[in-house]
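Chemist: Below, each chain spelled out in residue letters.
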Amino acid sequence: MQKYSIFNLVKNAFSNHQNWDLAWKDPEPKEEYDVVIIGGGGHGLATAYYLAKEHNITKVAIIEKGWIGGGNVGRNTTIIRSNYMHDENGLFSEFGMDLWRKMSQDLNYNVMFSPRGIINLAHSDAQMNVYARRGNSMRLNGIDAVLLNREQVKEIIPMADFSENVRFPIFGGLMQPSAGTARHDAVAWGYARQADDMGVDIIQNCEVIGFDVSAGKINGIRTSRGNIKAKKVGLCVAGSTNILAEKLNMTLPIETHLLQACVSEPVKPVLDSVVTFGAGHFYISQSDKGEMVMGGDLDGYNSYAQRGNLPTLQHVLTEGIAMMPFLSKLKMLRTWGGIMDMSMDGSPIIDKTHIDGLYLNCGWCYGGFKATPASGWTFAHTIAQDRVHELNAGYSLNRFNTGHLIDEKGLGTKTWIS
Amino acid sequence: MLYIKCPHCGMRPQIEFSYGGDASVKRPELNKEISDKEWDDFVYNRKSLRGKHLELWQHISGCRQWIKVERDTATHEIFKTFKADEEVV
Numbered sequence: 001m002q003k004y005s006i007f008n009l010v011k012n013a014f015s016n017h018q019n020w021d022l023a024w025k026d027p028e029p030k031e032e033y034d035v036v037i038i039g040g041g042g043h044g045l046a047t048a049y050y051l052a053k054e055h056n057i058t059k060v061a062i063i064e065k066g067w068i069g070g071g072n073v074g075r076n077t078t079i080i081r082s083n084y085m086h087d088e089n090g091l092f093s094e095f096g097m098d099l100w101r102k103m104s105q106d107l108n109y110n111v112m113f114s115p116r117g118i119i120n121l122a123h124s125d126a127q128m129n130v131y132a133r134r135g136n137s138m139r140l141n142g143i144d145a146v147l148l149n150r151e152q153v154k155e156i157i158p159m160a161d162f163s164e165n166v167r168f169p170i171f172g173g174l175m176q177p178s179a180g181t182a183r184h185d186a187v188a189w190g191y192a193r194q195a196d197d198m199g200v201d202i203i204q205n206c207e208v209i210g211f212d213v214s215a216g217k218i219n220g221i222r223t224s225r226g227n228i229k230a231k232k233v234g235l236c237v238a239g240s241t242n243i244l245a246e247k248l249n250m251t252l253p254i255e256t257h258l259l260q261a262c263v264s265e266p267v268k269p270v271l272d273s274v275v276t277f278g279a280g281h282f283y284i285s286q287s288d289k290g291e292m293v294m295g296g297d298l299d300g301y302n303s304y305a306q307r308g309n310l311p312t313l314q315h316v317l318t319e320g321i322a323m324m325p326f327l328s329k330l331k332m333l334r335t336w337g338g339i340m341d342m343s344m345d346g347s348p349i350i351d352k353t354h355i356d357g358l359y360l361n362c363g364w365c366y367g368g369f370k371a372t373p374a375s376g377w378t379f380a381h382t383i384a385q386d387r388v389h390e391l392n393a394g395y396s397l398n399r400f401n402t403g404h405l406i407d408e409k410g411l412g413t414k415t416w417i418s
Numbered sequence: 001m002l003y004i005k006c007p008h009c010g011m012r013p014q015i016e017f018s019y020g021g022d023a024s025v026k027r028p029e030l031n032k033e034i035s036d037k038e039w040d041d042f043v044y045n046r047k048s049l050r051g052k053h054l055e056l057w058q059h060i061s062g063c064r065q066w067i068k069v070e071r072d073t074a075t076h077e078i079f080k081t082f083k084a085d086e087e088v089v
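Going line by line, the protein sequences match chains P and X.
Okay, so the first sequence: first residue is 1 according to the numbering used here, each after it adds one.
Okay, so the second sequence: first residue is 1 according to the numbering used here, each after it adds one.
Take the hints with a grain of salt, since some may be wrong.
Calculated cross-link-like contacts (lysine-lysine; reagent style DSSO-like; alpha-carbon spacing at most 27 Å) [said to hold, decoys possible]: (1) X:K32 x P:K414; (2) X:K47 x P:K352; (3) X:K37 x P:K352; (4) X:K47 x P:K247; (5) P:K414 x X:K5; (6) P:K217 x X:K47; (7) X:K52 x P:K247; (8) P:K409 x X:K37; (9) P:K102 x P:K53; (10) P:K65 x X:K5; (11) P:K414 x X:K80; (12) X:K37 x P:K247; (13) X:K37 x P:K217; (14) X:K47 x P:K414; (15) X:K26 x P:K247; (16) X:K26 x P:K414; (17) P:K414 x X:K52; (18) P:K154 x X:K83; (19) X:K47 x P:K409; (20) P:K65 x X:K52.
Bear in mind the hints are in silico, worked out from the structure with no lab data behind them.
Could you put the whole structure together from the sequences, leaning on the hints where they help?
Modeler: What follows is the structure in structure tokens.
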């Protein structure tokens, strides 16, 4: 594989950049693989990469119905953080933060990781107390957290509304300085390029139409491009999890919901951190192109549509304007939607299943993108070793039966309530 | 914007309603032995169908009645609405 470097950039400039290698191949599916990963999104590509890199398993195929990186890894708001209170979420995400910091070097692909910090705003004394508690829990798990008072927040985001007579005055906030953003497409492409180089077959435009299961063991999958035998199969299909689960006669603690995001027209640099509104569900950052990247609530009803409705967008942006009034002057450039695998406690599932050789990775709710490397790493471990790693031991499927839920937000089973 | 025909009030915009989830989920009968599986299926497990989906909505800014709505989760088309106690045919 050609290394991406300044020298190769110069060298290829002499031939007008016409002679670069393809970043990944377009192979025909083989008859049999050791591991088949269904879903060519961030998590699936990362899983294949770590299977090859950490476990030396290279007879691997990624089966993708559309094109790689066309789902949620290309539709998110690129936020990376580990500001969780519960141990399972905190330790898992912080392990991921380490992988994020090394990712550009590791993949030889600039993922533009930008640790610009995230601030969760507080709008009451009670909320400040809750944030102090969460910040302390984070620090006990080795995650950086700083409780900011009103004046300290004002220094970082002076453009927010700090007037006294607003409905939700800013009391302060909880900041994770090491959190940030990354170029989401580059994450998918970087993983794909390295996985392909190590021998993984990336098979696009290939829909899974069924599974070959006998005597409680998986033997392969049936696809729109023929049958493929596999010793092990991993599901990484986010919002489409229930569709494939139905083909396996499984019902899962997952509902598929619609989440929208949008960007404004590009403006000059104004916001150099990620900020979330504390009295509703709204988050904002500014991309390197200058667009304000914004998102918030689910549309609120089961949906596979990948496109949303305006009432939710209006609701979310109303919160944004309450927090940063200057946003009302900006024009909307683009809006889009993705379908989320909302789990019943708000935390993911990375586990084995009752079918031998079938592994499940789903339930990422609002937070799939930032989990990409840690999810791929632990899922690869779970598949390769046929047992969960201690980092994803809490993300078991049977926690809904045993009662060991990880309900970070305390929302319960009504996934559409935010 | 979705428009939902409340069986009590007529056609109203989506913002008058709040969502209540899959209407096909049945609470296990009282005073009956309930297995863990039945309870899990009631509390957590969902089919989350792609296509025709029967769901509960509440006309929260209207008559406040719970209703059942048959809606396509892929296209958002609403086929039919029912009163909460009405049999779905």
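Chemist: The structure should be examined with respect to each hint, and the outcome stated for every one.
Modeler: To see whether the hints hold, each was checked on the structure:
Simply put, K32 (chain X) and K414 (chain P) have alpha-carbon atoms about 26 Å apart, close enough for the 27 Å limit, and the pair holds. The suggested pairing of K47 (chain X) with K352 (chain P) holds, with an alpha-carbon distance near 20 Å, which does not exceed 27 Å. Straight-line distance between C-alpha atoms of K37 (chain X) and K352 (chain P) comes to about 18 Å, which keeps the hinted pair within the 27 Å bound. Restraint check for K47 (chain X) and K247 (chain P): satisfied, since their Cα atoms lie roughly 11 Å apart, inside the 27 Å limit.
Taken as a hint, the K414 (chain P) and K5 (chain X) pair is honoured in the structure, with Cα atoms around 24 Å apart against an allowance of 27 Å. With a CA separation close to 23 Å, the supplied pair K217 (chain P) and K47 (chain X) stays within the 27 Å bound. This hinted pair checks out: K52 (chain X) and K247 (chain P) have alpha carbons roughly 17 Å apart, not beyond 27 Å. Between K409 (chain P) and K37 (chain X), the direct Cα distance comes to roughly 26 Å. Compliance with the 27 Å bound is thereby established for this hinted pair.
Restraint check for K102 (chain P) and K53 (chain P): satisfied, since their Cα atoms lie roughly 15 Å apart, inside the 27 Å limit. With a C-alpha separation of about 36 Å, the suggested pair K65 (chain P) and K5 (chain X) falls outside the 27 Å cut-off, and the hint is violated. Taking the CA atoms of K414 (chain P) and K80 (chain X), the gap is near 24 Å; set against the 27 Å cutoff, the hint holds. Distance hint between K37 (chain X) and K247 (chain P) is fulfilled; the C-alpha atoms sit about 20 Å from each other, no more than 27 Å.
For the proposed pair K37 (chain X) and K217 (chain P), the alpha carbon gap of about 22 Å is at most 27 Å, so the pair holds. For the proposed pair K47 (chain X) and K414 (chain P), the alpha carbon gap of about 15 Å is at most 27 Å, so the pair holds. For the suggested pair K26 (chain X) and K247 (chain P), the alpha carbons sit about 23 Å apart, so the restraint of at most 27 Å is met. Annotation: proposed proximity of K26 (chain X) to K414 (chain P) holds, straight-line Cα distance about 16 Å (limit 27 Å).
The suggested pairing of K414 (chain P) with K52 (chain X) holds, with an alpha-carbon distance near 20 Å, which does not exceed 27 Å. Taking the CA atoms of K154 (chain P) and K83 (chain X), the gap is about 52 Å. The hint is violated against a cut of 27 Å. Distance check on the hinted pair: K47 (chain X) and K409 (chain P) sit about 24 Å apart at the alpha-carbon level, within 27 Å; holds. Simply put, K65 (chain P) and K52 (chain X) have alpha-carbon atoms about 22 Å apart, close enough for the 27 Å limit, and the pair holds.
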